[in-house]
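**Q** For reference, the chains in residue letters:
2 protein chains.
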Amino acid sequence: MNFEDYRAKKILLVEDFLERVLPPISNPPSILHEAMRYSIFAGGKRLRSLLSIATGDIYFLSDSVIVPPASAIELIHTYSLIHDDLPAMDNDDFRRGKPTSHKKFGEAIAILSGDALLTYAFFILSKYPQEEEYAMRKVRVIEEVSKASGTPYGMVAGQVFDMENTDKNRKVEDIEKLHSTLVDLHSKKTGALISVAVKIGYIMGGATKKEEEFLDNYSKNIGIAFQIVDDVLDEISSQEKMGKRVKKDREEGKLTYPLLFGVEKSIEMARDHVEEAKSHLEHFGERGKILSVIADFIVDREF
Amino acid sequence: MNFEDYRAKKILLVEDFLERVLPPISNPPSILHEAMRYSIFAGGKRLRSLLSIATGDIYFLSDSVIVPPASAIELIHTYSLIHDDLPAMDNDDFRRGKPTSHKKFGEAIAILSGDALLTYAFFILSKYPQEEEYAMRKVRVIEEVSKASGTPYGMVAGQVFDMENTDKNRKVEDIEKLHSTLVDLHSKKTGALISVAVKIGYIMGGATKKEEEFLDNYSKNIGIAFQIVDDVLDEISSQEKMGKRVKKDREEGKLTYPLLFGVEKSIEMARDHVEEAKSHLEHFGERGKILSVIADFIVDREF
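Chains as they are written, first to last, in my numbering: chain H, 9 to 311; chain Y, 9 to 311.
Hint data in this document are derived by calculation from the structure and do not stem from the laboratory. Please read these numbers as outputs of a predicted model, since none were measured by experiment. Just so you know, not all the hints are guaranteed correct.
Looking from chain Y toward chain H, a few residues come up when the C-beta cut is under 8 Å (computed) [to be verified]:
hint : residue
1    : E27
2    : P31
3    : G52
4    : L55
5    : L89
6    : A96
7    : M97
8    : N99
9    : T127
10   : Y128
11   : I150
12   : A165
13   : V168
14   : N177
15   : V180
16   : I183
Here are the in silico distance ranges between beta carbons for each label pair [to be verified]:
hint : chain 1 : residue 1 : chain 2 : residue 2 : range
17   : Y       : L20       : H       : G51       : 37 to 45 Å
18   : Y       : S246      : H       : D192      : 55 to 63 Å
19   : Y       : F49       : H       : G293      : 46 to 54 Å
20   : H       : K256      : Y       : D280      : 53 to 61 Å
21   : H       : G270      : Y       : G251      : 40 to 48 Å
22   : H       : G293      : Y       : R104      : 41 to 49 Å
23   : H       : V180      : Y       : L20       : 48 to 56 Å
24   : Y       : K218      : H       : S34       : 45 to 53 Å
25   : H       : G51       : Y       : Y161      : 26 to 34 Å
Glycine included, C-beta positions come from ideal geometry on N, C-alpha and C.
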């Protein structure tokens, strides 16, 4: 099967699962459930789910074991976007080509639907798969997901660092120091959730310690590549293609890869990280093929 | 030991545990960790933790087993207060006698510190107690806590219902119908978290099905009593005693017990629920004594 077919098939599994388990709009409070579904089903690359599922494939996991935790990670990703877009934060009006949650439902419901999605992620992670034999793996998954989503090592911490990372009079002097600041910021803001998506796959699959190391190195490198490409797309893409405001980083004085290294060199660095990521998959032979294609997809994407 | 000594001792255990496990302010991002600790250590009755611990006492649980999940529930309670106080929601300036989180740290940090506290609660629930033998009980606790905190049966749903429950021209006509609306709203907004605090104790303790039923009936009744007293205190107490704005419900046209039944009849109803709650403890004899005293505390409190 080629990658596009694989991707389409797996996205369908994730969206079908979420469609089935999220509270229906007909259930009160309808406005809350409508807002949750509005943001969740607004599209998106579903990269994090794909990473969980493709890692699970290495261990021949059945859909019923891997699709629920893979879907939960999308709820967390989506909640973070809803809260990041709020007026008190990035104050964005568009996301994935549609009005942001607070633009459509008001701030109170946007905040609460983010809270509810985050909470629902842990509901799914604890409930599925339901067989008792998975209890210990589920507990480990929940611990890793909570670390990756929170503070001091996860996404919420990264968001605070990102807020602090605005300086319209920044002088690009000590590039090495700024680069290391940037790597640290990104590893939390986007890297942690990408890494934990892979962890979900290998924890549920029962990987060996050695395999966990290979896969952690893989995910760390695609995480960096992903963020570099994100920075580059913000700089060179259009609102039409991205479905959201672009050239924000420059306006806000954010430290980014293009600012430090220029666009071309940044793309080259992203490709290097993808190659390094792929080198850590050698151990898995054919079974690591999809993860390798996903790594390429990360630098080749245009949205 | 009398109840006040018991309470002081257990609160100390909870606060010591949280002091030890929450990220220190010296850890970056400091502002986030400062905001989390500001709200968590602002005092509070710690009623939910006490309920978990006192229920755990029935099963002779050691501190190392029950204190972590009992403390996690305080993180969730505190996150909900931070988000409820936001300008987009209740827009409150004072809580527990101090400026609310967004007044002190700004809206962005207030939102993120709420997010981080919620996430950290699940980190604690998955990590402690660390012995493998507790894996299945932890999974069940996490499932119950996520249901009680989210939607459609939990706290976030209750908050939306509460937002919708404002009508400055309300006519108190069909009291029976309004009363049932109120019970439904309260069971989600405050009842669910109080009930799950008791569930944490009996799940970790390995209660029988029959015992779970008794304890669920106990917690359901103290939850209703708690909310009635909250409504009454909002009506008759002072900002000085409560540490927060009072008489808000009336201003905002909220449906409350005093509005429907008057203050005296409301207090009587609360006492009836406490008596019913206590009747469900008979099965446990002496071991249910502390839960019985907590039930009395709920109606006798002045803050």
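**Q** Work down the list of hints and note, for each, if the structure agrees.
**A** Checked hints:
Because the smallest distance between the Cβ of Y:E27 and any Cβ of chain H comes to about 16 Å, over 8 Å, the interface hint for this residue is violated. Satisfaction of the interface hint for Y:P31 is found here, the shortest Cβ-Cβ separation to chain H being roughly 5 Å, below the 8 Å cut-off. With its C-beta approaching chain H no nearer than about 20 Å, Y:G52 sits outside the 8 Å limit, and its interface hint is violated. The beta carbon of Y:L55 comes no nearer than 21 Å to any beta carbon in chain H, farther than 8 Å, and the hint placing it at the interface is violated.
Checking Y:L89 against chain H by beta carbon gives a least distance of about 13 Å; that is not within 8 Å, so the hint is violated. Taking 8 Å as the C-beta cut-off, the interface hint given for Y:A96 holds, the closest approach to chain H being about 4 Å. The restraint placing Y:M97 at the interface with chain H holds, with a minimum CB-CB distance near 5 Å, inside the 8 Å limit. Hint status for Y:N99: violated, given a least beta-carbon distance of 10 Å to chain H, over 8 Å.
Because the closest C-beta pair between Y:T127 and chain H is about 4 Å apart, less than 8 Å, the hint holds. Proximity of Y:Y128 to chain H holds as hinted, the smallest CB-CB distance being about 6 Å (cut-off 8 Å). With its C-beta approaching chain H no nearer than about 4 Å, Y:I150 sits inside the 8 Å limit, and its interface hint holds. Annotation: interface hint on Y:A165 holds; nearest CB of chain H at approximately 5 Å, less than 8 Å.
About 4 Å separates the beta-carbon of Y:V168 from the nearest beta-carbon of chain H, less than 8 Å, and the hint is met. The beta carbon of Y:N177 is not positioned within 8 Å of any beta carbon in chain H (closest approach about 22 Å), and the interface hint is therefore violated. Checking Y:V180 against chain H by beta carbon gives a least distance of about 22 Å; that is not within 8 Å, so the hint is violated. For Y:I183, the interface hint is violated, since its Cβ never comes within 8 Å of a Cβ in chain H; the closest pair sits about 21 Å apart.
A hinted range of 37 to 45 Å is violated for the C-beta pair Y:L20 and H:G51, which are about 50 Å apart. About 48 Å separates the C-beta atoms of Y:S246 and H:D192, a value inconsistent with the hinted range of 55 to 63 Å. About 53 Å separates the C-beta atoms of Y:F49 and H:G293, a value consistent with the hinted range of 46 to 54 Å. Between H:K256 and Y:D280 the Cβ separation comes to about 58 Å, which falls inside the hinted range of 53 to 61 Å.
Distance hint for H:G270 and Y:G251: a CB-CB separation of about 55 Å, inconsistent with the stated range 40 to 48 Å. Roughly 59 Å separates the CB atoms of H:G293 and Y:R104, a value that falls outside the hinted 41 to 49 Å. For the hinted restraint 48 to 56 Å between H:V180 and Y:L20, the CB-CB distance of approximately 51 Å keeps it satisfied. In this structure the hint that Y:K218 and H:S34 lie 45 to 53 Å apart at CB is violated, the actual value being about 35 Å.
Our hint of 26 to 34 Å for H:G51 and Y:Y161 holds, since their Cβ atoms are close to 29 Å apart.
Violated hints, in rising order: 1, 3, 4, 5, 8, 14, 15, 16, 17, 18, 21, 22 and 24; the structure is consistent with all others.
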